[in-house]
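Counting from 1, position 104 in the sequence shown corresponds to residue 104 in the UniProt record's numbering; the numbering is continuous, with no gaps.
These are calculated hints, taken from the structure and not from any lab test.
Predicted, not measured: the structure shown is a model, and the values here were computed from it.
Treat each hint with caution, since some may be false.
[As the list claims (entries may be wrong)] Simulated restraints on C-beta separations:
#	residue 1	residue 2	range
1	Asp6	Leu61	27 to 35 Å
2	Asp41	Ala8	31 to 39 Å
3	His3	Gly100	30 to 38 Å
4	Pro82	Leu61	32 to 40 Å
5	Asp41	Arg81	29 to 37 Å
6	Val58	Glu94	19 to 27 Å
7	Asp107	Arg65	34 to 42 Å
8	Glu38	Glu94	16 to 24 Å
Positions of the beta carbon are idealized from the N, C-alpha and C atoms, including for glycine.
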Amino acid sequence: MSHRFDDAARAGVLGHMNGDHAEDNLLITRAHAPSDVEPADIVGAVMTDLDGDTGTWVATLVGGREVEVFVAWPGAPISERPHLRREIVALYDESCRRLGIEPRPHD
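With these hints in hand, go ahead and build the complete structure from the sequences.
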């Protein structure tokens, strides 16, 4: 069973990703689009949930249809809040690699 982070941890990550990293959400969902979705058709995305195994996004497609995108953390399942940032940064970097985009530096 996957680790379930407490509500405060989840709210903090979701608020930060959706408030400060909307473009990263778009990039992540395009890089990990379901096989029946053309990445370029994804025009918007929000992170909606996370657990110890995956992050979950809802991607909006051209025409308004929405699809869920589930992405496993690149390093391995996690159970500690400090590891969330590490895995999201790794996911961003992997998404850039998949899309052939130069990632920005991380602070």
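So does Asp41 sit 29 to 37 Å from Arg81, Cβ to Cβ?
-> holds (34 Å)
Is the gap between the beta carbons of Val58 and Glu94 within 19 to 27 Å?
-> Between Val58 and Glu94, where Cβ atoms are some 20 Å apart, the hint holds.
CB of His3 to CB of Gly100, is that within 30 to 38 Å?
-> holds (33 Å)
May I ask you to test the hint 16 to 24 Å on the CB atoms belonging to Glu38 and Glu94?
-> holds (20 Å)
Could you say whether the range 34 to 42 Å given as a hint is met by the Cβ separation of Asp107 and Arg65?
-> holds (36 Å)
Leu61 and Pro82 - C-beta distance against the hinted 32 to 40 Å | holds (34 Å)
Check the following: the C-beta atoms of Asp6 and Leu61 are separated by a distance inside 27 to 35 Å.
-> With a Cβ separation near 32 Å, Asp6 and Leu61 satisfy 27 to 35 Å, so the hint holds.
Is it true that Asp41 and Ala8 lie within 31 to 39 Å of each other by Cβ?
-> Since the Cβ atoms of Asp41 and Ala8 sit about 35 Å apart, the hinted range of 31 to 39 Å holds.
Checked against the numbered hints given earlier, the structure satisfies every one of them.
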